[in-house]
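The chain contents come next:
Number of protein chains: 4
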Amino acid sequence: MAGNSFGTLFRVSTFGESHGPALGCVVDGCPAGIPLSVDDIRRDLRRRRPGHSPGSTTRQEGDEPEILSGVYEGKTLGTPIAILIRNRDQHSGDYEGLKDLYRPGHADWTWELKYGLRDPRGGGRSSGRETAGRVAAGAIARTFLARDGIVIQAWTASIGGIHAPVPGEEGFSLTEAEQNSLRVPGKKAAERIEALLGDLQKAEDSAGGLVSCRISGLPPGLGEPVFDKLSAILGRAILSIGACKGIQFGAGFAAAGSTGSAHNDTPVRGTGRPRAATGEAGPLLPGEAAVSPGPPDLSFKTNNAGGTLGGISTGMDVEFQAAFKPVASISRIQRTVDRYGAEQELSVPGRHDVCIVPRVVPVVEAMAALVLADLALRHRAAKV
Amino acid sequence: MAGNSFGTLFRVSTFGESHGPALGCVVDGCPAGIPLSVDDIRRDLRRRRPGHSPGSTTRQEGDEPEILSGVYEGKTLGTPIAILIRNRDQHSGDYEGLKDLYRPGHADWTWELKYGLRDPRGGGRSSGRETAGRVAAGAIARTFLARDGIVIQAWTASIGGIHAPVPGEEGFSLTEAEQNSLRVPGKKAAERIEALLGDLQKAEDSAGGLVSCRISGLPPGLGEPVFDKLSAILGRAILSIGACKGIQFGAGFAAAGSTGSAHNDTPVRGTGRPRAATGEAGPLLPGEAAVSPGPPDLSFKTNNAGGTLGGISTGMDVEFQAAFKPVASISRIQRTVDRYGAEQELSVPGRHDVCIVPRVVPVVEAMAALVLADLALRHRAAKV
Amino acid sequence: MAGNSFGTLFRVSTFGESHGPALGCVVDGCPAGIPLSVDDIRRDLRRRRPGHSPGSTTRQEGDEPEILSGVYEGKTLGTPIAILIRNRDQHSGDYEGLKDLYRPGHADWTWELKYGLRDPRGGGRSSGRETAGRVAAGAIARTFLARDGIVIQAWTASIGGIHAPVPGEEGFSLTEAEQNSLRVPGKKAAERIEALLGDLQKAEDSAGGLVSCRISGLPPGLGEPVFDKLSAILGRAILSIGACKGIQFGAGFAAAGSTGSAHNDTPVRGTGRPRAATGEAGPLLPGEAAVSPGPPDLSFKTNNAGGTLGGISTGMDVEFQAAFKPVASISRIQRTVDRYGAEQELSVPGRHDVCIVPRVVPVVEAMAALVLADLALRHRAAKV
Amino acid sequence: MAGNSFGTLFRVSTFGESHGPALGCVVDGCPAGIPLSVDDIRRDLRRRRPGHSPGSTTRQEGDEPEILSGVYEGKTLGTPIAILIRNRDQHSGDYEGLKDLYRPGHADWTWELKYGLRDPRGGGRSSGRETAGRVAAGAIARTFLARDGIVIQAWTASIGGIHAPVPGEEGFSLTEAEQNSLRVPGKKAAERIEALLGDLQKAEDSAGGLVSCRISGLPPGLGEPVFDKLSAILGRAILSIGACKGIQFGAGFAAAGSTGSAHNDTPVRGTGRPRAATGEAGPLLPGEAAVSPGPPDLSFKTNNAGGTLGGISTGMDVEFQAAFKPVASISRIQRTVDRYGAEQELSVPGRHDVCIVPRVVPVVEAMAALVLADLALRHRAAKV
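Chains as they are written, first to last, in the working numbering: chain A, 639 to 1022; chain B, 639 to 1022; chain C, 639 to 1022; chain D, 639 to 1022.
Possibly wrong hints are sitting among the right ones.
Heads up, the list lumps identical chains together, so a pair's fine if it works in one copy or across two of them.
The list that follows gives simulated cross-link-like pairs (lysine to any residue, SDA-like), each with its CA atoms no further than 25 Å apart [what the hints assert, rightly or not]:
1. 713 with 659
2. 840 with 801
3. 737 with 675
4. 939 with 981
5. 737 with 935
6. 737 with 804
7. 840 with 729
8. 713 with 934
What the hints contain is simulated information worked out from the structure, not anything from laboratory work.
Only a predicted model underlies this, so the values are computations on that prediction, with no experimental measurement involved.
Extracted from the complex, chain A is given alone in its bound form (with noise of 0.2 Å):
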């Protein structure tokens, strides 16, 4: 198990080089019966594509998913769903003059020092082009959750030290962040970053963010005490995305300064959301309702927790946010040494963003719905 594989019921396995033939996955436990089409994974990886922002690459990823197996007459069988994505418009030669030179911040050394070789074309499998094969995976992820009214939302929160509004901020607006390339749900933040990100590209520099993601109509229950807590899996999930380097939960570093009075989340009755969305009595659970009479409905006053008590979801919106480094590969000069031990300078060629976090919303998501997917079915294995 070298680490290219994920989920215990809901398992996928991605598989690609950035610059060798093709990228894919395969997922093996989707459950059968589930209404699937390649618009439904062709819908994901069109949001992950570059935008047409400053900040952006020029490469052309047509990135137009086949779906190999496990679906018939539209439907899922219940066997693995392979999805095959070939790479196009590949510049290889690019990188010809960085085989044996690592870029600062890149995986170049790390990864001939483990493996003895690597394949120097576009970072090969440390490229954030991974990243399309778990995007094609969490699309399948997502169409099974859909069915229970589970919906998973990211944005970009900031770039560069510019903050969007907050939930519950005036001007923050999910509808606004799908509409512009850099999937900021503020139009004046969206634009003051925009040109923060054309200055960048002419300082020949970059910029890290945050992403925040919201999952609402989640059930309470998943998540499986000690080491599978939802929030644990989850922060696996995310910080295995390229280039992350933190994750906190509802109040997140804040709680690390707060009391126990004001943290604590005051348990109210009702769950304040109609019971269609709860999943209680719902397909995806059910062993649920043979619990007689079981515990309340309840829900929370505050949701500091973040949407989970104990590891195990609570039924209120688990909320999280990611920080994300500025992009590695930057233009200008930097000092770095070489596979012959020299030091030497070094401007990194080809067609990077000047800022990826746009494009990372996508892939939280869909990371967040392999979890997710995961979770449910495992849940199903929990009481008589």
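Position chains B, C and D against the provided structure of chain A, taking the given hints into account.
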């Protein structure tokens, strides 16, 4: 797999409820031939015990471990190492009044909803007492890692908003951290925090805090792409500790506001560490020697990356910080709901800590040790 | 994962050496809400104890189990169930002369070569005593399965070439099998085998034999394609029992000489079993009810398939037979090699069985129960 | 984990339906640095193709593999190796009449019951065509193992009750087995079997048979106690091949009627093999060299054990035999039931083999190779 196991090759399973007969762990996959005694386990368990500061529970957890298997004549056999820790001094009566009440900030309700029943005595398996099994297993991993010069040390970075000195800052001392029961690496900060905890105890309230951790002596090459990056697996491990709300590596959340030119760590020749500590030619990673000539030794001028690139260790210190929420159990009156759906008031009885952070320090170290032991073994399979 | 764990969702880890302090198991993933007492465990452990026939060791294995966790007020909590069995009446001195000798037919040499050291007392973990942990875990699985009417019964089919009656044959009686200590389902065969074992004991020799097993009440649908077919997972489970040299399902090896027209089992309408026993609408497989109208109930005129098609249970009895080699420890003089490479003669001392087959019967049942409990839980994830 | 993955460190996932767009596999965990070309894959796939004997389907499976990832400049990268095999020459129309009929001896009904729907074209994923993915993956494992002199060879031991010569017997020739399309290691037996298959074809019937396999050059030490014994994992691997009804190792079922004094293999000094083939000091198992002085080299006078003791390889040849039932698809009229519960007659149309055994030979080898590659990598973690 209900979530009580961790690791692929160096694999631990833990068991036990807070007020049941015993807790413990089974470690499967520890290599044979490692000297191991019950003292190695006892030492780490003692660091986890309640201290004598104002913020500490008065429950006397003897936590005397017994090695049931896997060790013969002082050496590991390669077979499962089972460790038993009997529960003593339980005051289960304290929890009698709580069996029908859902404590705010605890997993009572989510657990009952998930499983249909729960052990209300001390929170059952959702109790922090569960971490005794982790610490026992971590002590084994630590013994294994120490043979290669890998050292893991965590400390209290802040409590209730009062920050300890950071590495490099005047007054920062890990010796000091081990000497005070708060694990704070600075005398003055320790005194201020002790005062704060006294105040909070009088106010029937509690505090959260930050734990920092540094792993030194780690050879480069550990961690597996894509989903099993060192940072991702460490993240899952730490986020699986109860009350953890976030984690960041290296520059962490600050990286989100930085630029590529400022954030990228510049590679330089040589490791800056004695060859013996790198592990490349050592017994941990026997395959390394076969690579010839292989990439040159590198080090980095800075360590914004926190010791990993592309999810693989660089040989620099691995550095991370985790946020823990305030203790949920407070004596102050809180509102909640009972299992019949009625709103109630409660004051959580029992002997609870005002701040769990100092006792989390050895748990963080244990989880980090488990991660590294597993990735060290997995790394052996990376190349021919 | 050094191989001491088994199962995906209903997952057991066992531990313990033959002459160490204790043996036991941890079962993670047993659903919550199942009535379970120490008597349920004790009952199966007793069936595994040495009997009083000529062929049985005189070691008195009290095998008193203690439930350390996972059960509260007589019901499973959904948390890990740890069971402890203290070793008693070890005569480790018997093995003093063996620590430098590799016993023929035992794992002494392979073990020492693999791990660099071994516990020579009673074979350490390679001892048949290791199966106590399996039987304890299997008792939990059996309790879970019994709720749905699934019954697993094994018996001694032959010893030393003397065959017991087969199902359908005159004299075949499973009641009889449970009454004699040889687990032979026929009085006359039992007497003949008892005489043979007496002869072999005098001759300082040992015998092997066959164990047959029948699983009835199993609902159709259990087993996962491609690699996790019910027969494949059962095969691994049974072949993992020490001394097992082969397994066959249904017609087994005889099928290799048959023709399609003779071997194919003809489907007929109806289950031939009371609806309540099919499990389709029962609590085991709650998702089943959602399928409408679904395929009709089927049964088969014959059962050459042994209860599976395409690796999935058909609802017919699952039937298999396993071959066990003769006990390797014999008092008769054998030639071998010592750890210094010198050829030696030895007579294995200690209290060993002349034939292990009767005591393997409950181990076969335990492993089958573990397989079915796991596949039953996994099956819940098959469809929406 | 719906069962389409296999292995812990050297892990394969396969995908594809018989009449879908493609089949294939993803191998995660193959070490880096191994020379691998598409020819290595193609060679084994060709051995699996329909032959020209009377018993063979006339479907022309081109089975042209494409390596999509994981190989760069002719060497493995340590990243997932994905292999794609397009389906061609499907005659899905042949199966139109079968979509409402449950074919005897096939998984049609169990599959539909389990998943609620199925792909009726050629049996979908329950088709023997699924093994193409296994063979492709096995070719990678075989290439890895061949570097250490490990050779896996299987052959047809009997068909329809006609037995080929056994090793040591006059006329036994593995060269001959590779030259005739039946994989029978003896010319006369091959001719008799060919005649039998011609007769069965005329009679619209089919045959089963036995496959024997021998693994030579295997170093001692592979296999993990307790549940992951070499024999147990091999057993699962082979029993997971469609139509397999049994497996036996070494003396196998005959051991059940033997005595300890006759069955035990006597250890003797020395390996009886050239040192280079033992692997102890070779690149496969680098940790071995560290053990000093370690146990002496041993061999055994006989090999009733079939190459394992305590589930760990002894260095003797691993020998096993598997039984395969007759092909279920026959043209002869059979009775069955349709999806509306009505009893029907059917003659299975399509191009089916009279006997699958010769084509199973490379599948058996592939599964054995996957098992050994995985256990070889896992063995590296056994000692310090």
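These are the hints, each one checked on the structure:
1. For a Cα distance limit of 25 Å, the shortest separation of residue 713 from residue 659 across copies, 15 Å, qualifies, whereas the shortest one inside one copy, 28 Å, does not.
2. Taking CA atoms no more than 25 Å apart as the test, residue 840 paired with residue 801 passes inside one copy only; the shortest distance there is 22 Å, against 39 Å between copies.
3. Proximity of residue 737 and residue 675 under a CA criterion of 25 Å is satisfied inter-copy only: 22 Å between copies versus 40 Å inside one chain copy.
4. Taking the shortest Cα distances, residue 939 and residue 981 sit within 25 Å of each other only across copies (13 Å), while inside one copy they are farther apart (58 Å).
5. Within a single copy, residue 737 and residue 935 get their C-alpha atoms only as close as 59 Å, which misses the 25 Å cut-off; across copies the closest is 17 Å, which meets it.
6. Taking the shortest alpha-carbon separations for residue 737 and residue 804, neither the intra-copy value of 43 Å nor the inter-copy value of 39 Å comes in at or below 25 Å.
7. Taking the shortest Cα distances, residue 840 and residue 729 sit within 25 Å of each other inside one copy (23 Å), while across copies they are farther apart (59 Å).
8. For the identical chains of this complex, residue 713 and residue 934 are inter-copy neighbours only, at 21 Å across copies versus 36 Å inside a copy, given an alpha-carbon limit of 25 Å.
Checked against the numbered hints given earlier, the structure breaks only hint 6 and satisfies all the rest.
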